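K.L.:
Sequence:
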Amino acid sequence: MLCEGIDAYEVNSTYRTCLNNHLMMMHGSLAKSFGAREEVRGSGTSIRQVMEDAADLMQTYLEDANPILAVKSDLYFGFQIRRMRELRNVQMHMAKYRPQNYGTITSVLMHMMQHIAHSPVASTGYLRDALRELRFHKVMERFGTFFLHEMDLEGAAVLQIDKEDSDKCLLVISQVKSLQKIKEMRGIEVAIVADEEPTEQFPIGNAPTWEEISLMMARWPTMLMSDWVWDEKWVTRSTASRLFVQFTIDYFLTLSTDALKVPEFPKPHDLKGAMELWTMQSLMTVLKDVSFKPSNHGLKGHALMSSQCCAMHQEEMVGKAKRRGTARGTQVKASKVIIKARLDEEHRHIPFNEARLKARKVKKARKQETKRRSGNKNNYRKPPIKKQTKVVTPSDESLENEVAKSSDENSQDVPSVRVIWRRVISEEELEEEEEEIDQLEDDYEMEEVEDELDDSDMDVDEM
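Using UniProt numbering, the first residue of the sequence shown is number 1, and each one after it goes up by one.
No lab work stands behind these hints: they were computed from the structure.
Mixed in with the good hints there might be a few duds.
[What the hints assert, rightly or not] For each label pair, taking beta carbons as the anchor points, the in silico distance ranges come out as:
hint, residue 1, residue 2, range
1, 100, 370, 24 to 34 Å
2, 63, 159, 17 to 27 Å
3, 238, 276, 17 to 27 Å
4, 293, 234, 39 to 49 Å
5, 234, 100, 15 to 25 Å
6, 366, 62, 45 to 55 Å
7, 63, 363, 21 to 31 Å
All figures in this text were calculated on a predicted structure; none of them were measured in a lab.
For every residue, glycine included, the Cβ atom is placed at its ideal position computed from N, Cα and C.
Construct the complete structure from the given sequences, taking the supplied hints into account.
P.N.:
Here it is, written out as structure tokens:
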């Protein structure tokens with residue numbers, strides 16, 4: 001069973017792990033042999049009549065209809081593997097741009113993925129409408145497979161479906177369950193009041209307020225930032241260049257996979273690629289939910305020049321996610337174990353299997369949960385320990401000190417029958433008490449020795 005549509009919408013680690021497991025399963029089937037069968041259902045009487053001439057009927061059916069097509073396993077599963085990979089690449093490509101109908105596109109892509117190994121049923125109305133507009137069922141009945149011929153990857157759009165997601169689609173496919181917040185996150189245009197008409201040099205006027213600058217940096221940061229341009233003078237093989245490239249690679253290896261939009265961690269090969277990776281446009285393409293804060297460095301008063309605004313920017317947060325219920329937000333940084341394993345793979349060429357490590361962590365967490373619920377440190381049955389007991393009876397003095405209580409409420413002066421309680425003490429408790437007594441006796445003897453030494457010193461002084 002594949003993951004849910006909400007995981008594909010966010011392109012999180014659950015989505016990636018699920019697809020990797022399916023691809024691994026199909027890779028293991030490339031060298032195996034499989035058979036084919038056709039089931040016939042009917043009543044007992046009809047089946048008995050068919051069984052009498054089953055051999056002749058089956059021979060005629062195979063010769064006339066030719067229903068079975070023999071295909072090599074590596075050819076069949078190789079095609080399915082490539083199909084699933086390409087659908088995954090399309091999903092990640094759409095996640096970078098997130099068009100207005102991104103939720104509907106995600107539902108269609110997940111439905112196509114599920115058709116690789118299963119025969120799913122469209123359960124939502126917006127998905128049924130999109131499949132009807134694409135003539136999905138008619139194509140499947142004739143060809144047995146379906147392709148999106150009307151998809152524009154450059155424009156990140158599917159031409160035959162609705163241009164915008166419906167409200168029901170937004171609520172179902174998104175983790176945020178507030179329709180107003182969803183629309184705000186998707187960049188609903190707001191009116192920005194400027195002193196003058198926006199121009200190419202001043203996109204929000206030549207004298208904007210700081211609130212307007214902050215709003216623009218939060219919603220459309222690329223409008224205020226100038227495009228990054230590479231200078232050929234920077235082409236050097238200095239130690240600083242190599243350190244910056246390696247620092248860039250190592251830093252992105254410390255991030256969690258949930259914070260990435262791309263399938264693999266970026267690894268620039270030269271200084272130009274490393275510097276370009278830190279640009280605003282590149283960060284918004286590679287990472288999820290990146291936001292920026294404006295800097296007032298170099299500004300004088302309230303005036304704002306275009307070159308001053310483009311002086312610097314500060315990366316505020318990466319992979320920020322709203323909390324839902326008691327669930328934790330998306331973790332931006334990976335765990336220390338994963339970071340160390342990635343760096344070892346990068347620098348020491350030690351292979352790293354993140355899926356196996358996650359499975360081990362899940363198994364460990366399951367064991368800890370079992371111990372917590374059982375209430376024992378060791379979740380197994382221990383053999384019983386036989387203890388020798390010694391009955392200690394109370395002394396006569398304790399019997400004399402015991403207060404007599406009447407068993408008759410009407411006659412309180414009548415002494416009641418005294419019950420002698422017996423106290424059972426284990427061997428371990430007795431040994432502990434004896435050790436304490438011995439320790440006290442040793443301390444007492446040591447004090448006496450010290451007193452004798454002090455007395456002897458005093459006698460010598462007097463003489």
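K.L.:
A range of 24 to 34 Å was offered for this pair. Does it hold for the Cβ distance of residue 100 and residue 370?
P.N.:
47 Å Cβ-Cβ, so the 24 to 34 Å window is violated.
K.L.:
May I ask you to test the hint 17 to 27 Å on the CB atoms belonging to residue 238 and residue 276?
P.N.:
holds, 18 Å
K.L.:
Should the hint that residue 293 and residue 234 are 39 to 49 Å apart at their CB atoms be regarded as holding?
P.N.:
Violated - the Cβ-Cβ distance for residue 293 and residue 234, about 27 Å, lies outside 39 to 49 Å.
K.L.:
May I ask you to test the hint 17 to 27 Å on the CB atoms belonging to residue 63 and residue 159?
P.N.:
violated, 45 Å
K.L.:
Between residue 234 and residue 100, is the Cβ distance one that fits in 15 to 25 Å?
P.N.:
Taking Cβ atoms as reference, residue 234 and residue 100 lie about 39 Å apart, which means the hint is violated.
K.L.:
That 45 to 55 Å hint for residue 366 and residue 62 (C-beta), does it hold up?
P.N.:
holds, 50 Å
K.L.:
Quick one: are residue 63 and residue 363 within 21 to 31 Å, going by C-beta?
P.N.:
violated, 54 Å
In terms of the numbered hints stated before, the structure departs from hints 1, 2, 4, 5 and 7, listed from lowest to highest.
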